[in-house]
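J.: Spelled out from the first residue to the last, the chains are:
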Amino acid sequence: MALRGITKRFPGVVANHDIDITVRRGTVHALVGENGAGKSTLMKILYGMQRPDEGTIAIDGEQVSFKGPAEAIARGIGMVHQHFMLADNLTVLENVVLGAEKAHGIGARARRRIAELSDTYGLNVRPDALVEDIGVADRQRVEILKVLYRGARTLILDEPTAVLVPQEVDALFHNLRGLTAEGLTVLFISHKLGEVLSVADAITVIRRGTTVGSVLPAETDPKRLAELMVGSELPTPATRESTVTDEPMLTVSGLHLSGTDSDGLRREVLADIDFTIHRGEVMGIAGVEGNGQAELVEAVMGIRTPDGGSVTLDGEEISTASTRRRREAGIGYVPEDRHRHALLLDAPLWENRMLGHVTEPPNSRGPWLTGGQARADTRRIVEEYDVRTPGIEVTAGSLSGGNQQKLIVGREMSHQPKVLIAAHPTRGVDVGAQAQIWDEIRRARHEGLAVLLISADLDELIGLSDSLRVMYRGRLVADADPATITPEELGTAMTGTASGHLTAEGAETAEPAEPADAAEPAEPADSSGAAEGSGAVAETTENDTPADGSGTPDGNDAEGGAR
Amino acid sequence: MKAGGFLTEERREKLVLGGAAPLLALVTAMAITSLVMLLTGDNPFTAFSVMLDFGIKSDSQVWILNKAIPYYLSAVAVAIGFRMNLFNIGVDGQYRVAAFFAAVVGGALSLPGFVQIPVILLVAMVCGGIWAGIAGYLKATRGVSEVITTIMLNFIAGSLIAYFLKEGRLAEREGNIVHTPDIPGSSHFFEFATSVQPIHGTVLLALLIGVAYWFVLSRTRFGFDLRAVGRSESAAEASGVSVTRTVVTAMLLSGAVAGLVGMPTLLNESGNYGNDFPEGLGFTGIAIALLGRNHAIGMGFAALLWAFLERTGTQLEFEGFDQEIVGVMQGIIVLSVVVAYELVRRWGVRRQQRLVGEKLARARKSDNDQAEVSA
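Residue numbers (my numbering), protein chains in the order written: chain A, 836 to 1398; chain B, 38 to 412.
Bound conformation, chain B alone (with noise of 0.2 Å):
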């Protein structure tokens, strides 16, 4: 009966640390920037109105959730790793790699639609695999820090990307531009009409990624088993748990969903791969997969929360602000949030080991009152 009224206590405390530890990150990396732009001799509060103002707008509204559908999706393949201990910094070029493979079969095939989207996305999440896992495997059998590896891969997947996007190779010459040949039209991901700017139908894609990732990892079997790799190896092994195997399938899928991450871009904007692709989303990913703690639903909103700082930075500019601010924003948001989680974590720590304590001084107490009774 106590053990109950005890439970519903610890979730409602789970669920207030779990939404203190970015508040209180928001509100401290609001007054430090606050105070840059007083430095600067900006009024803060101007600038805080005219990103709200201008970040509520219905095409703002639009671009921030198109731009955040591949911030979210390396944010995913970020804390696969994560969850696991393992620190991927390759999804960079993992991404790059895999949709400019996506992008060169996308363009040599014509099948319809249905058949060559899914040919497409396997492509690009088999590739995106292909790279990490090559981290994977040199971490599992031979002990190589996937960290020097994933960083190591990535400038691979800019020198491997630059010898094939030339003209006679892959890609083809359009203006200053070098890209691979066009996707066929029938082959482009299907778009959401509004009343500005459509959105991009990829969201599905991304929205089906977070729920798959929250529940294979808190769900399944093998969920359970990454996250007791990453919690302690050690445990993990003696508790049945393959480690290296782990580490490789959890690279594998982090590759994979790191595939991902160009396909809005591809199927729903561009069309081919050139040399204007987006980069630099797999280092984006890491932020956003702190901000959002490696929660499904956290890392949603620190994705959106990144694309409105992005998107109202533009307009700050336009105000007569340094655009620069924004960039000053988002990294104090990050120091800040390493900083308020890791204080609320202890915190919460503490909390707990008090209640403990609090525990067994009643026990005890209660058990001396037993032995007075029988005596």
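Looking at chain A on its own, in the form it has when it is part of the complex (with noise of 0.2 Å):
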């Protein structure tokens, strides 16, 4: 399979424009590259899902256009998407059948055909167990079954391991190199940079929208990859001196939320929480995700009721406060899903600046609306953090989304928190504006914030923070010194291995059984310190637009509206 000079132009987010790619058949060809560098919109284009403005896709030698999935699943192409797309309340059987009826049938030869496929790649599926009853790794190889069972010879997996424990993303290895033993091809979207150097045969960086480069795993090393990633100066996370107080900002203590499956069963979502951070510090919590950080986040902001616990911030005790009190009280709130939890898409900037802080000042006084002194207060977020926008009465859907965060941060930041709680603050924001929003938690650091982050890049964990919790099934099991401890032991760790304080010592006596896949992979520990600020600025004016093209003015051909 060869793609030749794709391009593809959006509007107002990050696109392709002249990918290169070549995939031999029987390999797993692996596609890197950072969160909003173009790989998802490329491998919609490849799958039909989106076509491109330019360029050629070629399998065996045969060119090939798409007008939709249907086309491209005729053409033995398959998509495991990162978010599962099955029926709960039906059975394996039934979600590998459904849409495909014609293939074999729905009774004995579809079952058979089922088996047979299991065997081969050794996806060992239940085809009578009830989808909502089987875990997320059998879900996930539910998919791929679902996809060879339409005839694929060519799988696409878009970060697939997202959502799995390290044992799971070997068992999904195993997998894929049955797969591609039996000569099947498995395109790998990843920017794990760890787990594509184990398991991918060939890889491609995409940096901005392009190919930068096709290197051989055998060849080249974490850091080098990840040089190749964001170009040739990497922006570090690392936090110099330290700021930490000994004055407590925020209080957690005994937090314990119980949750009821899809069983109806009780289950522990969270338990026994304890933990204080102080002003000027930033408190990392590591963890594979689903491990109950997204609930501990939700209890703190108060959008969750806990079963037991207490809250405090700054002195007063906020366990029982509404979310809004709690804002009002000086919780500031950055969420891992911006689009879902931090924005109105359709309003414009400046209502979304009000957003979360409507009874504060500038938005309000008393019970009225004060919308002169918002719009005022929206333009000098825009300059200040340098949002790139025409201006304040676009709607915050058509920013990219590194414009987007950064008006959330700058927003948040603007009623001058005592704590701020960022999930995932950089996650699918480009380069310049992750060194941007690193900046902005330093500084308000160095004034006394206190931060709760809660990150899966274990290079901006290590970086910012200065005290480490991880989060192992909705328990706080090992704290660590981020001054100390590396990715990968912070990795090992997350897979609930170890407890008490990890040191570099102490994470040997972690069982070594689990090799680092979860962990990022290794941030180059010379970047020096002093390079980091120009590199950052360079990054900033480079890096934030999107592809070229979708902003001269032949950009309104392209298809706008996709988001």
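Everything labelled a hint here was simulated from the structure, so no lab data went into it. Glycine included, C-beta positions come from ideal geometry on N, C-alpha and C. Keep in mind that a hint or two might mislead.
Claimed, not checked - Part of the chain B face toward chain A, derived, beta carbon under 10 Å:
hint : residue
1    : 251
2    : 255
3    : 256
4    : 265
5    : 269
6    : 274
7    : 276
8    : 279
9    : 390
10   : 393
11   : 395
Assembly of the complex is requested from the two constituent chains, each provided in isolation within its own frame, with the hints serving as guidance.
T.: Below, the structure written as structure tokens:
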């Protein structure tokens, strides 16, 4: 399969230009790049969900052009989406057959075919289990089986490891090798370099919408790959001098939350959460996603009501306060999913500036809104935080992800928060905006802000935090000193194999059975602090733009509204 | 400096976009209606001129204005729901229950007008609010879709009124009409005398509600919360808005305004609630809210247009046209409105994204220039 000169223009978002990739049959080909580099767009083009503006796709030397996913499937291309598309209330068998009834009917023939595929590729699925009863890794195998059942010879996997714990990642990689051994081709999208290096036969790096290089795993290492991904100079999240004081800002003690799972069973989501964040301290929480971090944030914000425990903000007990009250008391919140929780996508920027702070000046006086002041302040945020927008009347939805996030950070910082809860603050954000957001967090920390930082980016966690906790199955199982721990050690701890205080030696005592697949690659330790400042500025000027062409006047023929 | 230039341009554009959609819809609707009339062998231009001639006669103007009052109130009631993504189909039941009990209370009391009229209005608003509040409560606590509950409550309202509207219960018989006891004349709403029929004083009530609707939604914190919930429930929740409370409040407000829909009829025309009391105003309100884009002034124009069509429709019959053509016209207008708004909205989004893209391209260019200078 070969892609040549693929270009896709969108207004306002990163797209692709001049993509060149050649994938050999029977290999695992990894496509790496930062969040927002344009990997997903490229995959959508390949899968027929988007049509390229320029360029060609050739399969087995034959040029193809897909009008929709159905045509891509017909040519043997299948996609496993990052978010599973399964019907929970149907069995595995029914899910696999759903929509592909023509292939092998819905009865014994289909069952035989599923068993056959499952055996051939070692997928080990139980056809009669209800999807809602099986785990995440099993669901992923069902997705893969679904694609195979439709006759795919080329599988696209979009960030398949994001939801898996390391053991499951290993099992997945084993499955993938089984597929390639049978002559199938796997296109593996990820930004986790450690995983990519361990599973891929060939690697293509995408940066800012274009292919910047193809390498073989044997000839590279995580550091060089990371540099290729972000450009020559890596911005580093490292904070230098400590600003931690002994004045507690946010104290959480004995927090406990249980939820009901799909079987109606009570299940502990959070248990025995105790921590204190001081003035000027950044506390990072590491953990594989889905171990209770999101619930912890929501419990601290008052969006979820915990069963027990207390939350104290700067000496004030806020355990039963409403979300609005907590925000007014001085908690800033940068949610994980900015589209769902931080923005009104259809509303203009200045109304988004009000969101979450509508009871505070400059947004309102008493019960009345003060739109003029809010507009003026929005202009200030746009200016100070370098939000790239033609004006404050445009809707939030038309900005690129990085600019949306800068607006959100600007908004939260504008109310002098005592505590900032930042969940994945730089996820899906380009390098320039990332450096700006880090700078902003560092600056506020210097002025006495306490930060609860949740991130899947271990370098960000280690670099920004003054103290680290590891979360596993709803508990804070270990703590670590960011000055001494490495991403690999932290990654190992995230699998739940370590407890207590992690030191460089302590990590070795943790069962070494788990390779540090979950870990992000090591940040080059030698990227000097002095270079970081100027490097970040240079990145800023170059990075925050969508791919070439999307901004030029001919951008109006591009398909807008695709988002 | 640049931002200011963009601003005015954006505002102008917003106005143009706002006006373009209804205009596009009306032109499309007229074209399609003309086609329908041509197909049925009528001359559309004669029909349109008949409608225009008759519609601008002074007695027609008064009729249209009076008819538009309940339409407008009904549209506002629906629009309050729309603005927070609630579809209150139950305005119909709400205003009938409200008007019925307001009529019962009004007929039973004989207080001075300046006391009794507010009492009647209050009873109507409370009854409408309660009726809508049931749906709001079920939605907030049990997650029951308000579409389902309000439709069912419409039927229940009908049965409830039918039960009480009987001789010996809460009503009396007068010929074929069974109605509640008459409200004393002193409690009728005032009217503005004209050379033809008087204009209902309740027009001021409608104006007041319209202004309050605009003000509360766009100028108060509560209105912001309500719109935030309408745009994104999850974002509103994370921002500190209590979604359940906003849902209930919005339904109560919607119902209270719905309660007023029957007042122009009750206090300016009939003076009682009989089995000839107008029905279906709630559904008309949905169409008018759609046509007026939930906008306080837009809905005013839409209500007048609707009343104009109904008024002139009767005249078309005298001129030998099929009266149904007005119903066809109304239906086509609503359909074209929905389509046209969506088209214009998409066009606006695309245009905005392009503007953002251009801005980014320019910024990049100037950055590059600067880089060259510094280098």
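J.: Against chain A, with CB atoms and a cut of 10 Å, does the hint on residue 274 (chain B) hold up?
T.: holds (6 Å)
J.: Does residue 256 (chain B) hold up as a contact with chain A if the rule is Cβ-Cβ below 10 Å?
T.: holds (5 Å)
J.: Please verify that hint: residue 265 (chain B), Cβ, nearest Cβ of chain A, below 10 Å or not.
T.: holds (6 Å)
J.: Taking the closest Cβ pair, is residue 251 (chain B) under 10 Å from chain A?
T.: The hint is violated - residue 251 (chain B) has no Cβ within 10 Å of chain A, the shortest such distance being about 13 Å.
J.: Holds or violated: is there a CB of chain A closer than 10 Å to the CB of residue 395 (chain B)?
T.: Since chain A brings a Cβ to about 5 Å from residue 395 (chain B), closer than 10 Å, the hint holds.
J.: Verify the interface restraint on residue 279 (chain B): the C-beta must sit less than 10 Å from at least one C-beta of chain A.
T.: holds (7 Å)
J.: The hint names residue 393 (chain B) as touching chain A; please verify it with the least Cβ-Cβ distance against 10 Å.
T.: holds (4 Å)
J.: Using 10 Å as the Cβ threshold, decide whether residue 255 (chain B) counts as touching chain A.
T.: At 8 Å from the nearest chain A Cβ, residue 255 (chain B) passes the 10 Å test, so the hint holds.
J.: Grab the minimum C-beta distance from residue 276 (chain B) to chain A and call the hint holds if it beats 10 Å, violated otherwise.
T.: For residue 276 (chain B), the interface hint holds, since the closest Cβ of chain A sits about 4 Å away, which is under 10 Å.
J.: Going by Cβ atoms only, is residue 269 (chain B) closer than 10 Å to chain A?
T.: Constraint on residue 269 (chain B) satisfied, holds at 5 Å.
J.: Report holds or violated for the interface hint on residue 390 (chain B), using the least CB-CB distance to chain A and a cut-off of 10 Å.
T.: holds (3 Å)
Of the numbered hints listed earlier, the single one contradicted by the structure is hint 1.
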